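K.L.:
Sequence:
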Amino acid sequence: MSRPEAITREIDGVTHEPIEQATIDVPDEHVGTVTQAVAPRKGTIIGLEPGETGRTIVTVSAPSRGLIGLRSLPMTATRGTALVHQQHAGWAPWAGELPHRQGGAMISDRTGSSTGYALDNLQKRGHLFIGSGEQVYEGMVIGENSRPADLPCNPTKPKQLTNIRTHASDEAIRLKPPRRLTLELAIEWIADDELVEVTPNAIRVRKRLLAASDRKRASFS
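Here numbering that gives the first Met the number 0 is used: the first residue of the sequence shown is 0, the next is one more, and so on.
Be aware that one or more of the hints could be misleading.
[Stated by the list, open to error] Quick list of in silico lysine to aspartate or glutamate cross-link-like pairs, EDC-like style, CA-CA up to 16 Å: (1) 175 with 133; (2) 156 with 193; (3) 175 with 119; (4) 156 with 133; (5) 123 with 96; (6) 156 with 192; (7) 215 with 137; (8) 215 with 196; (9) 215 with 108; (10) 215 with 192; (11) 215 with 149.
[Unchecked claim] Across the chosen pairs, the derived CB separations fall in these ranges: (12) 199 with 47: 38 to 44 Å; (13) 43 with 78: 25 to 31 Å; (14) 212 with 160: 31 to 37 Å.
Derived by calculation from the structure, the hints in this document are not laboratory data. These numbers come from a predicted model, not from an experiment. Cβ atoms here follow ideal geometry from the backbone N, Cα and C, with glycine treated the same way.
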């Protein structure tokens, strides 16, 4: 699944795009999560009103492309207790380019099973999408680099066994919980050279060209 493109139309010589109105019913303590996510998506909050006890109804108007991923944010933050409804609300002049992610992709350079030792080192370089013991393959995106460039890496690297024991090597590996992407968040996250892979058991991100040699060739063509 590739990154979606907005359907536009010309109205009186001006490019227009579809807009939607989203009604988001969330617990009061999560209103900030919703409001902070609206502006970067070129959206506007057009209503804030009390709902049932302890809940607030937030009404948002935004381009359809800007609402990709917005549904998942309150659902994740509230552990599924948010209620989100979207409906087409007409057309509006093109709102401009949406900001994209700041970091590059952390790309597995081989096929195998991820190890805690390898991920412990990689989690210092960004945010991981996988945990230990998961199957990976060449070209699969396993996380977001903290720097703008893509980072090829080996998430299957085992710990080297030696006869010398040190305090540092004896410390237990503590991995941060991986950032699990929903389908909407994955579609919002990917770049033009990436795809979302959906199976019955997992949602993964991968490079469009899996082999590093093919990606390098394509960058010079």
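K.L.:
Each hint needs a verdict: does it hold in this structure or not?
P.N.:
Going through the hints against the structure:
no., hint, in the structure
1, 175 with 133, "holds (15 Å)"
2, 156 with 193, "violated (24 Å)"
3, 175 with 119, "holds (9 Å)"
4, 156 with 133, "holds (13 Å)"
5, 123 with 96, "violated (31 Å)"
6, 156 with 192, "violated (26 Å)"
7, 215 with 137, "holds (14 Å)"
8, 215 with 196, "violated (22 Å)"
9, 215 with 108, "holds (13 Å)"
10, 215 with 192, "holds (12 Å)"
11, 215 with 149, "holds (12 Å)"
12, 199 with 47: 38 to 44 Å, "holds (39 Å)"
13, 43 with 78: 25 to 31 Å, "holds (27 Å)"
14, 212 with 160: 31 to 37 Å, "holds (32 Å)"
This entry does not satisfy hints 2, 5, 6 and 8, going by the numbered hints stated previously.
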